[in-house]
Structures are given as structure tokens and as C-alpha cells.
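Visitor: For reference, the chains in residue letters:
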Amino acid sequence: MKLTAEEAAILAGHRGKPARRALEMQIATGEFFGAEEMVPVTSAHLTGDAESMGDAGLAFVEELAREGARFVVPTTTNSRNVDFACYRELGQPEEVARKEQRLRELVVTMGAIPLDSCTNYQSICQPRFGEHLAWGDTGTVIWANAVAGARSNFEGGPASYAAALTGRVPAYGMHLPECRLGTHLVELRDQPRSASDWGALGCLVGRQLTNYWLVPVFTGLGVEPSADGLKQLGAALASYGSLAMFHLVGSTPEARTLEDAFGGRPPRGRIVVEPGDLQRAYRSFVAERAEVDLVVFGTPHLSIFEVRQLAGLLDGRRVHRRTMLLLTTSAEVKALADRLGYTRTIEAAGGRIAVGVCYYIMTPRELARRHGFRTIVTDSAKLANIIGGSGYNPIFRPTAECVDAAVTGRVAR
Amino acid sequence: MTADAAVVLTGHSGVGDPVEGEALVSPEGFSARYDLDRATGVIARESHALHGRSIAGKVFVCPVAKGGFATSWALLDLKARDLAPVAMLFGWANPVMVQGAVLAGVALMDRLRPDPMEVVRTGDWVRVDPKAGRVEVRRRS
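Protein chains in written order, with the numbering used here: chain A, 10 to 422; chain B, 1285 to 1425.
Hints listed in this document are in silico derivations from the structure and should not be mistaken for laboratory results. The model shown is predicted, which means the values in this text are computed figures rather than measured ones. Heads up, some of the hints might be wrong.
Said to hold, decoys possible - In silico lysine-lysine, DSBU-like type, Cα no more than 30 Å apart, as pairs:
| id | chain 1 | residue 1 | chain 2 | residue 2 |
| --- | --- | --- | --- | --- |
| 1 | A | LYS26 | B | LYS1415 |
| 2 | A | LYS26 | B | LYS1363 |
| 3 | A | LYS11 | B | LYS1415 |
| 4 | B | LYS1415 | A | LYS108 |
| 5 | A | LYS108 | A | LYS26 |
| 6 | A | LYS11 | A | LYS26 |
| 7 | B | LYS1363 | B | LYS1415 |
Said to hold, decoys possible - Listed next, the stretches of chain A that the computed footprint assigns to chain B, with coverage defined by at least 3 CB atoms under 8 Å from CB atoms of chain B:
| id | segment |
| --- | --- |
| 8 | 131-137 |
| 9 | 211-225 |
Where is the CB? At the ideal position from N, CA and C, for every residue including glycine.
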């Protein structure tokens, strides 16, 4: 890999041990993927929570801090394991909260803004066309690439720290125009009508394209995508397919035309979304039993529009005594929901809004053990995909059906 | 094939040091978050073809790397508790899996020819030399 004078200086240890170690890791990863150089980034989004990192990951960050690590680009943090205001009440382990507290101290010392959100792009970060980023959360990455036309690979936990420390990333994958071109054509003959329908579409396509290096190109769109719809589509494609890019012809910036999206190359494959396919994506999640233990909204974090919709659906109703209703969002959206009265409506119905967390990293195995959770109903295609790995029976349904499930304590099988 | 004949796979340079071990072949993709109980190193997703099997100490062979950032941390923590695979061979790796292998010092290679999914079987003995871009497979007799 070709290194600039500054990169050579980092590698020689002139910017300290943490930056040197970070660059060594980046070069190893870059060479694996054939990168020829490093490219400067304008921000990093850290993905690391105490539970995902484990004690070894936390020790890695402790060591960086001990060696005087400082982030050199604007750096934000992804969702955490616990909402410090309510983790005890929920029955999450004290030890995890303690580790999260420690991790927060470390990253703030290194210079991060503890945003604690997986929708940084809906709150405080505004990626722009052509900007190189080092974002870690897959949903944020695919959104930045596809919707904003910015450029980021999945810079996972240690890689996001490395990028924040060196201010650059290896130039491979989504940083290169040729890797961003479409590979597969998706013809829509069924139209998404809601944000969760976009998630259903992402589920359907992500199940068929399960490789980071594939890029779906959607055509035949007859509706205007909403910001929350694009959030759900991206999160689901990234979750089911490990995809980092998509194009919506006529909507997203690198797909003004079909030709534009494919760069003149023929598609390697074609997927047709037939009428009824989106409904079938929901119904592919089958309930083992009718009783619902838990209903969760907010993977990725809810926007204020989604919170308002939920407040409207819950107004004057009451969550079933056997069922827990949990919403997760950012501190910014929660503050707005408080001010606008949505929080009061949701809490009056028996729901709870947790801040800075996302259910699949909220020690879900511990919560299942403690509360006997098994059946979880959600309008997030991503959460339905991910939570099965933690011993749950996930049921993906449209938003209004999820609210009904919370109120009746039952879901149609 | 005779008992001693080895199949050789070649490809671009991978990450990590030379290692050897027994193969565990997954017919489907793999992610540390979606598929694994990271506390035990056992594949926990009930619908996964290798449900209940441990990846500890194995040369893990798999068509495609899946998943997000949890995967980039998981190998280091598994290795610290002696639960990591010794090597991973993918048809196609993704960034988070490679970042995780680099952090943990676990050998990882991808895009080998012939495709390991076609020539490696669970129980085979596999020598992996990432820097040389070379893998040797000895059939379990």
C-alpha cells in the first residue's frame, strides 16, 4: 500500500502508540481487500458497547486510553447496552451498566461525543455527496452510501476506533466508484406503503443477496420513499444481506437512471417483487404461540414522526398486563417527544421509552431469563432478524398490528 | 484419493499466522451476532445448519461472512477465552469479519481456488498459511 509522508510518520510512531497500532490494523485489513492507499475521513462513528466488545474489547480500549489515545476527527458513538435511567427497573445486570459507564468515560476522554444513537444521520450528522466516512453501524453506513452518496465501508468496532485515531481508512470497497455500481436488478410490482413495508422489502431482497459486494438496484417504484422508509430498507438490507449499498432509480443520488446505477454493465441477476410479496415477508415470521411477551419499536432508533405515530395509535388504550411495550430512540428525539406530549401518551398507555439503547444489545438473553421472554413482536425487519440469535421467537408485523399485539397481548399465528 | 494426498487451495494473501486444525464446514453464511452464543462459542441460532456445534479451535469454513460490528469484536473476546476458531476460510469475507480477525490475530482467507466449500469436509485436517496464500486439506480417513 502506498503511504503518504504523514502515514509513514504515524507508522514510525511519531503520533504515538495508539495511532501506530491503529494504522497497522488498517493496513492489514486494507491489503486483504486490495486497497492501494488510505483516504482521509471527515468523521467516525464508534460501534462498541460493553456486551459486544466483551472484556477483551474493553481492555483494548483501556489500553488505548492509557497510552494517551486522542481522536483526530469528529467522533460519535452508537447505541449502548443500558439506559442509565431505567436499566435497574428493567432488570439488566449491574455489571454491564458499570462497564458501559467505564467505556463512556474512556471514549469521552479520547474526544468522542457520546451521541449513543444508531440514527446519527437523523439527528446530528449530515453526510454529503462524495464525503469519505468511517462509520461503524451497518444501518448508518448503508444510509450514508445509498441515500446521501457519501462513502463508507462497515468500519466495525475496532476499525471505527482505528479510523478515529488516524483520521483515515483504507480505500477499498465503498470508497471506490466501481464497487458502488449496481449488480442486481430488483423490479417492484408490489409497492411499500409504510416504513415497515420498506423493511419487509429489505428483508425479501437481503435474504437473496447475502454478500457485502452485491448492490441491488430498485426500479418500478410508484411511491415517494419516506426518510423512515429508507432507514428501514437500508437497515434490513444490511442486516439480512450484509449489504452496504443500494440504488433507487430516480430517487438516490447515484441512480438518476438505470444506466447510471449499473455504470453501463448488465445486471448479474434479477429479482421480481410480485404483488403480495411484502405481506408474505411479514408472514414468514410464524408465532409459536399466540401470547406476546414483548413488543419493541426502534431498531434503528425511532424518528419523532414514528414516535408521534405510535402515540396516536396508543392514545386512550392500555398495554396488556402480560406484555411489555418498549420504544427505543435517541436522547434528542426523546426530549422532543417529552416536549410535545407524546411521551406522556405512550407512558399513560403503559409503554416505556428507553434512550440511547437498542433492544438487541440490551442484554436480551438476560432480559429473557429474568422476565421469561420468548415471543417478541416488532415492526423492525432488522430486529426480527437479529433477535432470533438470542433465543427469541421473533414476529415481524406492520406497525399498527404490533400496537394491537401490545394492547391485546396476542398475535395472530 | 489416497489417504495421504492433500488438496491445495491458493489465493491472495490473508491475515494472521500459519495454523492448522480440524475443519468445521458451514453450508450457510455466518455472523457472530446472529448465529453465535458468544459466551460459549456455540452456534445458537436454531435454524442454523450447525446449531449446537462449537467453533472453538476449528478451521471454520463458510461461503460468506455476514453481520455487523459485533462480529468485529467477537473474535478477540472468544480468543481471550480459548473459544475462537484457529482459522476462518470464506468464499467471500466482509470488512467486519476481517477487521475482527486482524484485531484478534485469527487467520482468515477468502476467494480461494478451488472453492473450499467444494473440497473441504467437516473433520478434514487443514493447514492454513495466510501470507503465502495457501491452504492444504487432508481428508479424514
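Visitor: Look at each hint and say if it fits the structure.
Guide: Status of the hints after comparison with the structure:
1. A:LYS26 x B:LYS1415: holds, 25 Å
2. A:LYS26 x B:LYS1363: With Cα atoms ~23 Å apart, LYS26 of chain A and LYS1363 of chain B stay inside 30 Å; holds.
3. A:LYS11 x B:LYS1415: holds, 19 Å
4. B:LYS1415 x A:LYS108: violated, 37 Å
5. A:LYS108 x A:LYS26: Judged against 30 Å, a Cα distance of about 24 Å means the pair holds.
6. A:LYS11 x A:LYS26: Distance of about 21 Å is within 30 Å: holds.
7. B:LYS1363 x B:LYS1415: holds, 21 Å
8. 131-137: violated (count 0)
9. 211-225: With 4 residues close enough to chain B, the hint holds.
Checked against the numbered hints above, the structure breaks hints 4 and 8 and satisfies the rest.
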